[in-house]
Amino acid sequence: MTGVSAGLLRIDGLDVTYRTRTGPVRAVRGVDLTVHPGQIVAVVGESGSGKSTTAHAAIGLLPAGGRVEAGSITFDGRDLTGLSEKGWRSVRGTGIALVPQDPTVSLDPVRRVGEQVAEVLRIHRLAPRARLAAEAVELLRRAGVDRPGQRARQYPHQLSGGLRQRVLIAIALAGEPRLIIADEPTSALDVTVQRAILDHLQELAAESGTAVLLITHDLGVAADRAAHVAVMSGGTVVEQGPTREVLGAPAHAYTRDLLAAAPALAGEPLRPRRPAGTDVLLAVTGLRRSFDGTAAVDDVSFTLTRGRTLALVGESGSGKTTTARMAVGLETPDAGTVTFDGEDITAARGERLRALRRRFQLVHQNPYASLNPRMTLGDIVAEPLRAFGVGDRASRRERAAELLEQVALPVSALRRRPVELSGGQRQRVAIARALALNPDLVVLDEPVSALDVSVQAQILRLLVRLQQEHGLTYLFITHDLAVVRQVADEVGVMRRGRLVESGPTDAVLTDPSAEHTRELLAAIPGTRVTAS
Amino acid sequence: MPDLSVRDTGLHLLRRPGLVLSGVVIALVLLAAVAPALFTGQDPIAGVPAERLRGPSPSHLFGTDETGRDVFARVVHGAALSLRATVIAVLVALVSGAALGLLAGFRGGWLDSVVMRVIDVVQAVPAILLSLALVTALGFGTTNVAIAVGVSNLAAFARLMRAEVLRVRSGAFVEAARASGVRWSGVLGRHVLPNALGPVLVLATLTFGTAVLEVSALSFLGFGATPPTPEWGALVAGGRGFLATAWWMTTFPGLTVAAVVLATNRLGRALDGERSGR
Numbered sequence: 001m002t003g004v005s006a007g008l009l010r011i012d013g014l015d016v017t018y019r020t021r022t023g024p025v026r027a028v029r030g031v032d033l034t035v036h037p038g039q040i041v042a043v044v045g046e047s048g049s050g051k052s053t054t055a056h057a058a059i060g061l062l063p064a065g066g067r068v069e070a071g072s073i074t075f076d077g078r079d080l081t082g083l084s085e086k087g088w089r090s091v092r093g094t095g096i097a098l099v100p101q102d103p104t105v106s107l108d109p110v111r112r113v114g115e116q117v118a119e120v121l122r123i124h125r126l127a128p129r130a131r132l133a134a135e136a137v138e139l140l141r142r143a144g145v146d147r148p149g150q151r152a153r154q155y156p157h158q159l160s161g162g163l164r165q166r167v168l169i170a171i172a173l174a175g176e177p178r179l180i181i182a183d184e185p186t187s188a189l190d191v192t193v194q195r196a197i198l199d200h201l202q203e204l205a206a207e208s209g210t211a212v213l214l215i216t217h218d219l220g221v222a223a224d225r226a227a228h229v230a231v232m233s234g235g236t237v238v239e240q241g242p243t244r245e246v247l248g249a250p251a252h253a254y255t256r257d258l259l260a261a262a263p264a265l266a267g268e269p270l271r272p273r274r275p276a277g278t279d280v281l282l283a284v285t286g287l288r289r290s291f292d293g294t295a296a297v298d299d300v301s302f303t304l305t306r307g308r309t310l311a312l313v314g315e316s317g318s319g320k321t322t323t324a325r326m327a328v329g330l331e332t333p334d335a336g337t338v339t340f341d342g343e344d345i346t347a348a349r350g351e352r353l354r355a356l357r358r359r360f361q362l363v364h365q366n367p368y369a370s371l372n373p374r375m376t377l378g379d380i381v382a383e384p385l386r387a388f389g390v391g392d393r394a395s396r397r398e399r400a401a402e403l404l405e406q407v408a409l410p411v412s413a414l415r416r417r418p419v420e421l422s423g424g425q426r427q428r429v430a431i432a433r434a435l436a437l438n439p440d441l442v443v444l445d446e447p448v449s450a451l452d453v454s455v456q457a458q459i460l461r462l463l464v465r466l467q468q469e470h471g472l473t474y475l476f477i478t479h480d481l482a483v484v485r486q487v488a489d490e491v492g493v494m495r496r497g498r499l500v501e502s503g504p505t506d507a508v509l510t511d512p513s514a515e516h517t518r519e520l521l522a523a524i525p526g527t528r529v530t531a532s
Numbered sequence: 001m002p003d004l005s006v007r008d009t010g011l012h013l014l015r016r017p018g019l020v021l022s023g024v025v026i027a028l029v030l031l032a033a034v035a036p037a038l039f040t041g042q043d044p045i046a047g048v049p050a051e052r053l054r055g056p057s058p059s060h061l062f063g064t065d066e067t068g069r070d071v072f073a074r075v076v077h078g079a080a081l082s083l084r085a086t087v088i089a090v091l092v093a094l095v096s097g098a099a100l101g102l103l104a105g106f107r108g109g110w111l112d113s114v115v116m117r118v119i120d121v122v123q124a125v126p127a128i129l130l131s132l133a134l135v136t137a138l139g140f141g142t143t144n145v146a147i148a149v150g151v152s153n154l155a156a157f158a159r160l161m162r163a164e165v166l167r168v169r170s171g172a173f174v175e176a177a178r179a180s181g182v183r184w185s186g187v188l189g190r191h192v193l194p195n196a197l198g199p200v201l202v203l204a205t206l207t208f209g210t211a212v213l214e215v216s217a218l219s220f221l222g223f224g225a226t227p228p229t230p231e232w233g234a235l236v237a238g239g240r241g242f243l244a245t246a247w248w249m250t251t252f253p254g255l256t257v258a259a260v261v262l263a264t265n266r267l268g269r270a271l272d273g274e275r276s277g278r
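Chains as they are written, first to last, in UniProt numbering: chain A, 1 to 532; chain B, 1 to 278.
Bound-form chain A, shown alone:
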């Protein structure tokens, strides 16, 4: 059964069920998938689509409670379904390797990274004991780690997210596997880092003839990297085929929705740009802030006129969030001034700052952490009203219901608690809370980056609608230039604490003057497809 036509990995009619307290949940239903030697196959889907479950079933690492109910998984002509733990050990590492999702938790924090790479070699007896350390350094070098000899002696916490992901790739490469399963290998990383890592993975695969099963939520990544793509939704593969055909002429409605939602591929502004007015709502000049001697924000100045959206864009550590936090008085600048509606608020403290908070509100990045788990949604949304003594209990409740309606949540949700909601619904609650006091300025700190693309699109549309209805001014913090194109009138690009470029969105994105802006633009996944 080993022939090229049979495929390296063949999944036939796979059914996976999780046993939960509320009964069995069918996570994957009747999935067929084939990966040929040396091919890159992408499985695309949103959270809960079953893409990760499919990948984990293929390497026999289903989480507790998960079970393959039906179907078969064949690797290199060998049936893997019902394999013993010992049998799996002979496949994992040398046959199929996994690059896990989260580089922050997938490495052992108390062991040097070199040892962790060498462990694979030791377990599979791939190198003599005396050569282990040298081989590990060589693997790190192949995975694209700079100064591998030095890095091998470091601990995971001493490495950046990108480097940790490269270490995980080195570990996956150690056994010279014929198939690498990469489960969202770059979704936690900056776009430029993501691009470098995916480029490298692709090169390695081409060089050694290793096949890659790439699990991703990002249609753009799939479009750039894979020859073959399978789109998953609700546990089934709704569409699959050569990437060009699936994304060029999607046959299934879900694929079309996903394509329409992906900002990089659509890229149309959600509303017409607004001209710069003269009514300056927020102005910061010469803002500086350093932590432990390193400058997080270095001489940043911008102005934001009423009713517009200014996006601050940059990678992690660029200082964009710190800038936003200083703008709303959650962080004190070392130097510079913040002027809100003509009033210098840089030194505002205590009750004066609290009074100002009525007029500017903040929406956090992570809706899973920004809502108090013990409070009901009604109490959460009404909290700012209560804090400022607006209305009585009954009128606050009424207003909370009205706010939930505005963010398209049912009034019945008032009594529910955050844990009962999805990420998108939670972010709607956070937005409702920010609107409770009818503020002038809303600072949005990566409001959609923790959400699935289709949910992202909904939230962005909601934000644009609310802005029009209430005449809001947005300071929008994001790492995603595609999102900037959709919502911002003006953009500031930040790098290492400095504002390297700023101006009207269309001008900056079509004709960037700073090198870093060009890098960011080139790294947006999916641009290769739209260009072709």
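No lab work stands behind these hints, which were simulated from the structure alone. Idealized CB from N, CA, C, for every residue including glycine. Just so you know, not all the hints are guaranteed correct.
Stated by the list, open to error - Calculated from the model, a selection of chain B residues having no Cβ within reach of chain A, i.e. all distances over 12 angstroms: (1) 68; (2) 206; (3) 226; (4) 265.
Stated by the list, open to error - Derived list of chain A stretches under chain B, where covered just means 3 residues or more per stretch with a C-beta under 8 angstroms from a C-beta of chain B: (5) 368-379; (6) 382-395.
Mind docking chain B on chain A? Use the hints.
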């Protein structure tokens, strides 16, 4: 687990006979504290000289002491005083410890350093030694014993509370509340405290056992209630002189204390497990 059905709860308990037994022990002790007359009709204070130093028998379950008092009646009637002391001790430790921890964790800065260094010093002194010193300063009596035991146990509460507050305080929802204009008192009362209190309450149930033991130890040493008022620790002490001839006088009150300590520990562990979802 709120969604457990009655049947599931039954099964859950059936597989844990120790837990059921612990519950029964605590229930009986509580009942004895409230209504001792349900358990015995005999007088705990006045003895019958003719029946002094009798061994355990159906009429005197735990035997009698040197003045002919029924030991069982004295244990039952001592429950109220010993339990009251324990509850006061745990409350003192919980309230003052949690308040200090909350203050230190929430305010931070120099206040945190000062409070926590004082707590370090308190914790460096063995609890029993500290409570001995305190009760000597406060004067004798059951309530003073309880306060002394409470103060000597507050360090653990302060530390745990501070750690929980630090964890919760850095949460995004606390910052979100602050950013939307909630006063610090509101942040503390509605966001930090409710989310930090759980583990501290579990510690309180676990401390119960220790407190029973320490209160009894101090009353054994004679710092507690004045004789002839029955108190568990004092009962153990009273029988000490007759250990060779009347073993029951120390053994049964001692076993009672041991049973209560073990039972509260078992219940505390069960609550701890429920909280962490095991």
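Query - Hint check against the structure, violated hint numbers in rising order - result: Of the numbered hints, all hold.
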